[in-house]
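Full structure from sequences and hints, please.
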Amino acid sequence: MRHIHLTLFFLLIASFFVNRSAAQVGAPYIHDPSTLAECDGKYYTFGTGGGGLISDDGWSWHSGAQRPGGGAAPDVLKIGNRYLIIYGATGGGLGGGHNGRILTMWNRTLDPQSPDFRFTEPVEVCTSDGMEDQDAIDPGLLLDPTTGRLWASYGTYFGSIRLIELDPQTGFRVKGNKERDIAIDCEATDLIYRDGWYYLLGTHGTCCDGVNSTYNIVVGRSRSVEGPYLDNVGRDMLHGGGRMVIAAHQRACGPGHFGRTIIDEGVEVMSCHFEADLDRNGRSVLAIRPLLWQNGWPVAGEPLRGGTFKIISERRGYSLELAVDFVRMKQERERFWDIDLSKPTKPIANQTLSEVIGTWPHDEIRVRCSDYMARPHQHWTITPVDSAGGYLSNPYFRITIEGTNRVLAATDTKELTTVSSFTGADEQLWRIEQLTDGTFRLMPKRIPGTPTLNTRYCLYSAADSTPTLAEYDFQSDNAKWRIASLTEK
Amino acid sequence: MKKTFLFLCYALALNIRCWAQNPIILDQFTADPTARVFNGKIYLYPSHDIVPPAGQRQDWFCMEDYHVFSSENLVDWTDHGVIVSQERVPWGKPDGYSMWAPDCVEKGGKYYFYFPNAPREGRGFAIGVAVADHPEGPFTLEPDPIKGVFGIDPCVLVDADGQAYLYWSGRGIRGARLKEDMKAIDDSEEMQGLPEGFKEGPFAFRRGDWYYLTFPWVRKEKGTETLAYAMSRSPLGPWDFKGIIMAEHANSCWTNHHSFVEYQGQWYLFYHHNDLSPQDDKRRSVCIDRVTFNADGTICEVKPSLRGVGVTPATSRIQIDRLSAASFPLDGHLSPVSSSGTSDATAIAFPGWHVTLPQKGSWLRYDAVDFSGLTDAYLVVCAKADANTDFFVREKSPKGKVIAKVQLTVTGAQGTFRRNRSGQWLTLTAPLSHIPSGVTDLVLTCEGTGVSIDWLQFKQRPRYFSPVPPKAKPSTPDDQGFIRRWQLMEPLPQDIPTNTVFTNTWLRQTFDNAFRSTFKAQGAKPKGKWHTLDSETYNVRLFRFAEKYGQQSYGNLFWCQTIIDCPTDIEGVRLAAGSNGASRWWLNDEEVLLLEGDRRMVQDDGVSRRLTLRKGRNLLRCAVINGPGLSDLCVRFVNEQGNPVTNFSVQAP
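In the order they appear, the protein sequences are chains G and L.
Positions 214 to 702 (my numbering) are the ones given, in order, by the first sequence.
Positions 3 to 655 (my numbering) are the ones given, in order, by the second sequence.
These are calculated hints, taken from the structure and not from any lab test.
Since the structure is predicted, the reported quantities are computational estimates derived from the model, not experimental observations.
There could be a bad hint or two in this list.
[Stated by the list, open to error] Dumping the calculated DSS-like pairs for lysine-lysine here, alpha-carbon to alpha-carbon at most 30 Å:
#, chain 1, residue 1, chain 2, residue 2
1, L, LYS43, L, LYS95
2, L, LYS386, G, LYS388
3, L, LYS109, L, LYS185
4, L, LYS222, G, LYS391
5, L, LYS386, G, LYS391
6, G, LYS391, L, LYS461
7, L, LYS398, L, LYS362
8, L, LYS201, G, LYS388
9, L, LYS617, L, LYS475
10, L, LYS529, L, LYS550
11, G, LYS291, G, LYS388
12, L, LYS617, L, LYS473
13, L, LYS550, L, LYS617
14, L, LYS386, L, LYS398
15, L, LYS403, L, LYS461
16, G, LYS391, L, LYS43
17, L, LYS43, L, LYS362
18, L, LYS181, L, LYS95
19, L, LYS461, L, LYS362
20, L, LYS473, L, LYS398
21, G, LYS388, L, LYS461
[Unchecked claim] Label-pair distances were calculated between CB atoms; the ranges are:
#, chain 1, residue 1, chain 2, residue 2, range
22, L, ASN506, G, PHE330, 51 to 57 Å
23, G, GLU545, L, ASN506, 55 to 61 Å
24, G, THR679, L, ASN641, 55 to 61 Å
25, L, GLN60, G, GLY277, 36 to 42 Å
26, L, PHE207, G, PHE330, 39 to 45 Å
27, L, ARG611, G, VAL424, 33 to 39 Å
28, L, LYS550, G, GLY447, 33 to 39 Å
29, L, GLU123, G, ILE475, 47 to 53 Å
Yeah, the Cβ is synthetic: ideal placement off N, Cα and C, and Gly gets one too.
In structure tokens:
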């Protein structure tokens with residue numbers, strides 16, 4: 214009987230996870246998503262085979278984007294007030310043969326409903342003839358912020374990954390530019406620049422084998438855009454080197470086709486597809502993850518899908534807590550100079566909610582920060598709110614004291630409070646994003662009384678023990694928090 | 003300072019490789035070409051047609067500056083950039099857009115550039131001079147135009163005695179003696195003996211004892227321009243009209259304008275046409291064809307060709323539609339293909355062309371293709387057809403030796419992702435059955451139904467392996483320790499749909515059986531022939547080996563073996579290998595490493611336990627098994643620190 218209960222319990226847990234997808238929600242079905250592009254407040258990504266996805270908020274995606282030309286693995290980049298789309302016009306080895314063509318074209322908008330929506334005639338920028346060690350598909354774009362020069366990497370396992378230079382004004386190949394081999398053993402590459410380094414991200418492993426696809430994304434870096442791209446042990450990507458950025462998730466496998474999006478200073482995400490989402494028929498889906506930088510290397514953060522946490526200020530290390538009375542725990546005290554070593558020790562139970570909740574006020578309770586003591590007023594349950602939409606990396610969350618409906622909320626004076634029940638109001642919803650250094654920023658969806666959604670004010674340490682809402686600043690530890698799970702053993 | 007400027011000029015110079023097919027310059031419009039030989043090189047001074055900017059008359063000529071180009075072979079042209087532009091002309095209208103046909107001559111080590119331009123005051127045209135120490139500039143502009151010259155299209159003839167003459171077009175064709183400074187004239191006179199009808203663009207030159215005055219001429223009512231000429235024994239005539247050099251353009255491009263130049267013993271006619279902009283004859287492009295003279299000094303009529311002049315490297319994209327001759331009229335078989343595209347930044351669309359071989363037996367010829375340096379090559383061709391067909395590339399004639407047979411399969415092909423590709427441009431490759439030597443002519447023959455061809459190109463294959471002769475000296479590992487000399491067995495086909503099936507269990511069983519039956523069992527013998535090869539790269543390209551020696555490129559088991567010969571025992575080393583796909587490694591018949599699962603060839607993907615390489619011969623063997631993908635391997639020995647071990651030699655067993 215107990216056994217059955219346990220099974221039921223695990224089934225419930227499992228169904229809980231079914232709803233907490235490894236990837237974006239809606240109908241995010243795509244293969245080889247291009248780097249996310251923003252146009253008139255909407256997000257767009259284009260995939261293999263034409264078409265693409267649109268999202269209003271970055272979290273929920275649906276089909277509807279339009280890209281003519283078919284073929285494999287496009288990329289898109291906004292240059293000035295136009296969007297440059299680059300794509301392989303052929304299907305690589307799958308289409309029969311490795312004679313590929315890569316084309317570029319422009320559009321003033323990505324919105325198919327816009328009267329300005331019109332692609333320029335595609336221009337060929339490179340080819341492979343089918344015999345050479347080269348497969349001209351899967352292009353990725355980089356506009357070098359230090360020089361203004363435009364680069365594209367392309368290629369598959371069939372031969373090498375190559376680098377070419379394009380004219381950022383026209384999208385044409387730069388005259389006289391020669392292809393340069395920069396890697397082998399990957400496909401669906403992308404180049405990014407950060408802090409004096411160029412990074413080449415490639416997709417390793419096998420694609421297109423459903424739940425058995427072994428796709429994974431690896432990276433090497435170089436001081437020059439032309440390479441050599443070395444991995445963390447100094448191995449050249451031309452010799453197959455690469456350091457893992459993202460592998461399979463618990464419920465999705467085969468991440469491929471990296472794209473980086475910078476939201477704010479220190480707030481970055483990476484987009485990719487999972488070859489198979491185990492919760493959705495094993496379909497290929499769009500996923501957006503926090504992008505962390507560890508010792509100069511990009512690493513995908515885990516998706517935040519809820520749980521119970523302590524929320525620690527990066528300022529002093531104090532824990533966010535309810536401003537309630539400290540309730541002393543009981544203990545049979547032994548004098549420390551007089552311990553009887555022959556007596557066995559006994560565990561002391563943690564303080565529980567029921568032991569203290571009676572001492573708490575019933576209406577609003579302020580919050581403060583203090584040293585973590587594993588007490589109930591310091592334990593926060595973070596729960597995604599499905600109906601509330603989201604942003605690029607996550608859905609909106611409610612943040613409640615574990616075991617209660619007492620919810621953290623923003624006030625119209627840009628301070629914090631907790632109220633006894635969750636109403637679904639915007640000031641009770643939180644945007645939680647992992648920053649590039651692994652810490653988090655927490656932002657209320659809306660400051661009460663303001664017309665627009667909040668993207669400026671975040672949970673902030675005004676003093677060691679005084680949390681408030683203030684403008685996000687990546688350079689300040691006051692704006693950063695660590696979220697440490699209490700549910701994982 | 004001057005040096006710096008020159009350096010800048012060179013840095014800005016762009017090399018245009020267009021193989022002198024007509025037209026010769028494809029990245030901009032060029033017209034009214036004057037070609038001159040200076041210091042052993044050809045210099046080309048054309049007008050520079052542009053698409054009129056807003057506010058200018060859209061259906062008229064529009065020119066704001068001059069570029070100069072140079073070449074040593076009439077094939078590779080270097081654009082040296084702008085030498086004179088309208089806003090820099092002291093006496094000119096800065097927005098006149100009237101920089102028509104120019105000329106440039108050398109006298110006394112100075113280069114004199116003559117150009118027509120709209121003057122700041124008044125109407126019509128004046129002719130200016132700019133002077134430089136080098137043919138490509140920098141040119142210094144004279145403050146005023148040449149006094150007494152009203153018109154366009156200056157041409158200067160410097161006679162053998164050093165006396166220079168200026169010709170131009172302005173109410174008829176006029177000529178005058180230039181003063182010693184080359185910047186002023188004596189009285190001018192209208193040239194006598196020329197036919198009635200509109201004339202402009204004089205180009206005068208001397209050949210032997212004959213002076214030639216050549217000029218565009220409209221010979222018929224409402225006609226377009228021909229190129230015509232007259233001869234004389236003196237530079238300012240009177241002239242004896244002789245007839246036509248080139249007839250009216252077939253597509254009714256209204257203008258033509260030209261120059262004659264002798265280069266390396268051959269006379270050439272430079273002229274223009276509107277091939278790059280067939281809908282717009284105010285935007286023109288320079289062409290070249292050879293020209294010959296009769297014994298009496300008269301000029302043989304020149305038919306404009308698509309092929310142009312010069313030798314085309316076989317390794318370039320040969321624009322086969324710029325052909326020399328064909329079995330069929332070109333009307334309807336030669337048309338622009340809009341593959342080069344446009345963008346917002348360049349309002350000009352430069353169309354390419356293609357040619358259609360309409361039916362079985364039809365052929366075209368393309369002259370002078372240079373095959374030098376090609377030894378192991380293949381053909382790449384861009385073609386389309388409505389039905390499955392084939393065509394041959396032959397040498398010299400329609401019945402000539404076949405260089406390549408191209409099969410164009412557009413429907414009915416096997417394979418999951420195959421689509422009907424009829425009517426689509428496809429890039430195909432074909433092996434060569436014969437590689438011509440030196441310079442020869444290509445003939446394409448249609449062997450099935452019709453086919454259209456855009457371009458073709460011959461490519462040398464990279465060298466992946468070098469054969470090792472039987473008595474070769476032992477090799478050594480390369481700088482990074484990779485072992486490159488191998489005996490490779492011809493690959494054994496395997497039925498493997500995906501590499502993710504390479505489980506530990508399956509691999510052990512498969513490799514065990516293969517090892518036993520190949521090397522250990524009673525009567526065991528290799529199932530394929532061995533080849534001893536040096537890999538040209540650190541990785542051994544098994545895929546390319548299979549392509550040459552196997553029944554199939556994909557889905558193979560490869561046996562590889564080599565001898566590691568050590569001067570002394572080498573202890574504590576590890577075998578470090580990477581392979582695509584799975585592999586198993588034996589040192590002296592003892593298994594030392596298994597790379598299992600969906601492997602890619604990664605340097606040091608896996609290593610063996612610590613091993614001892616014995617003094618003397620050590621037999622290193624491996625088997626690689628692969629499904630789809632480019633199979634290859636790389637292997638070396640590394641020490642405790644992961645650094646390569648190289649103090650041994652490598653030879654075939």
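key: Straight-line alpha-carbon gap LYS391(G) to LYS461(L), limit 30 Å   = This hinted pair holds, its Cα atoms lying about 16 Å apart.
query = Does the alpha-carbon distance linking LYS291(G) and LYS388(G) stay inside the 30 Å limit?
reply = holds (22 Å)
inquiry  = Between the alpha carbons of LYS388(G) and LYS461(L), is the straight-line distance 30 Å or under?
reply    = holds (21 Å)
query = Has the given pair, LYS461(L) with LYS362(L), been kept, meaning a C-alpha gap of at most 30 Å?
reply = holds (27 Å)
ask   = Would the pair LYS222(L) and LYS391(G) pass a check requiring their Cα atoms to be no farther apart than 30 Å?
value = Violated - the C-alpha atoms of LYS391(G) and LYS222(L) are around 51 Å apart, more than 30 Å.
request  = Mind checking the hinted window 55 to 61 Å against the Cβ distance between THR679(G) and ASN641(L)?
outcome  = holds (59 Å)
inquiry  = Run the distance test for LYS529(L) versus LYS550(L): straight-line Cα separation, threshold 30 Å.
reply    = holds (17 Å)
message = Holds or violated: the 51 to 57 Å window for the beta-carbon distance between ASN506(L) and PHE330(G)?
response = Cβ of ASN506(L) to Cβ of PHE330(G): about 54 Å, so the range 51 to 57 Å holds.
task = Below or equal to 30 Å on CA atoms is what counts here, so check LYS550(L) against LYS617(L).
result = Violated, at about 36 Å.
key: Given hint LYS461(L) paired with LYS403(L) - CA-CA distance at most 30 Å   = Holds, because 19 Å separates the two Cα atoms, which is no more than 30 Å.
message = Just to be sure I understand the hint, the distance between the Cβ atoms of ARG611(L) and VAL424(G) should be within 33 to 39 Å; is that true here?
response = holds (34 Å)
key: Distance restraint hint 55 to 61 Å, applied to the beta-carbon atoms of GLU545(G) and ASN506(L)   = holds (57 Å)
Of the numbered hints given earlier, the model fails hints 1, 4, 8, 13, 17, 20, 26 and 29; all others are met.
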